[in-house]
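The sequence shown begins at 1 in our numbering and counts up by one.
Check before you lean on any hint, since a few could be wrong.
Stated by the list, open to error - In silico DMTMM-like links for lysine to aspartate or glutamate, alpha-carbon gap of 20 Å or less:
(1) K263 - D324
(2) K263 - E327
(3) K341 - E331
Said to hold, decoys possible - Now the in silico label distances, taken between C-beta atoms and shown as ranges:
(4) E197 - I33: 25 to 33 Å
(5) Q95 - R207: 24 to 32 Å
(6) L27 - D118: 19 to 27 Å
For the record, the hints were derived by calculation from the structure and aren't laboratory data.
Glycine included, C-beta positions come from ideal geometry on N, C-alpha and C.
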Amino acid sequence: MLNVKIGARILKTGVAVGLALYISRFLGLEPIIFAGIAATVTVQPSLYRSWQNSLQQIQANVVGAIVGVVLAVLLGTEPYVIALGVIVATSLNIQLKFNKSIPLAMVTVLAIMSSPSDNFWEIATDRFLLIFIGVASSILINIFIPPHYEKRLRKQLFDIQDNIALNLRFMVETDREIHHVRADLEQLAKRVSELKELYTLHREENRYKYHKVFPRTRKLVVFRSMVHTCEEGLDLLRLLEKHHDVLQADETARQLVGTELEKLASFQERVFLKYAGKLTPHLANHEDAAYDEPILPVEKGIAAFKDNETLFVHVLPVLFKIHDYREQVEELNRTVEQYYKFHNQTAT
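Based on the sequences and whatever the hints tell you, model everything.
The structure is reproduced here in structure tokens:
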């Protein structure tokens with residue numbers, strides 16, 4: 001049995017098409033299908049992108065209309081002329097840097113150049129208006145049905161954090177095969193890429209919300225730091241994968257790196273749980289201060305492997321990266337603490 005999921009983007013596209021069709025029918029414009037097609041190709045994932053692209057879409061629509069009318073008047077509406085119109089409109093839009101609106105320009109060319117020769121100007125004008133109605137409908141949908149990305153972003157952040165923490169703990173295990181490690185990291189890289197796009201959409205969504213501006217801005221700062229932490233975590237895992245065989249071959253190196261990774265994973269988990277409200281902020285407990293020890297990982301590595309140049313070359317970059325990632329998690333921890341400090345101050 002098919003497991004069909006209808007997301008918000010799909011739903012908004014359907015509503016935008018329906019709105020465009022009803023407006024076109026109300027105004028008596030035909031064929032209304034062109035308005036539906038225009039709405040389909042111009043729906044954007046956020047209101048910010050709708051406004052950002054609206055002028056470009058209108059200009060692309062005008063370019064397509066001019067090309068269609070000129071070629072139809074001069075050369076007729078034979079299939080080869082229509083094909084030429086698509087080529088010319090596409091080239092002009094590329095020159096004008098309207099790349100994102102090329103599909104709309106192509107729809108406009110096809111709509112106008114397929115107009116019957118009888119009453120050509122009247123029909124071409126109607127079809128130009130139909131395309132404009134489709135564009136306007138796609139913008140209106142994002143105004144009245146704004147997207148909500150925060151819940152998805154938060155879930156994605158915590159899922160990826162769990163995945164990173166798990167991989168940190170088991171990366172240097174002797175019974176873990178390298179091809180499984182690489183497959184896991186490839187999948188994780190795709191999810192981090194999706195996470196960055198999701199954060200960008202959430203940030204854009206907040207540009208047009210004017211209530212509680214400062215709390216939402218501070219939350220965005222936390223989310224941005226979390227996304228950056230996930231990126232740094234992926235970079236650390238990739239470096240560990242690169243030196244995987246060497247770390248597994250030497251027991252001293254494996255234990256040293258494994259111990260540091262375990263502490264790092266635990267610290268990272270506590271910071272995310274703190275943001276989720278499952279741990280009390282402002283606590284100087286021993287886990288949060290796990291790295292407040294006199295000997296840092298890099299110093300331990302230098303002391304342990306200074307006489308083994310081959311192993312030293314492999315272990316030291318890993319320990320430096322662990323140190324960098326630890327600093328990133330500490331920065332995230334401070335950001336979360338500041339967020340709750342501000343939150344408590346505004347609540348009192």
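Subject >> Which numbered hints fail >> reply: none
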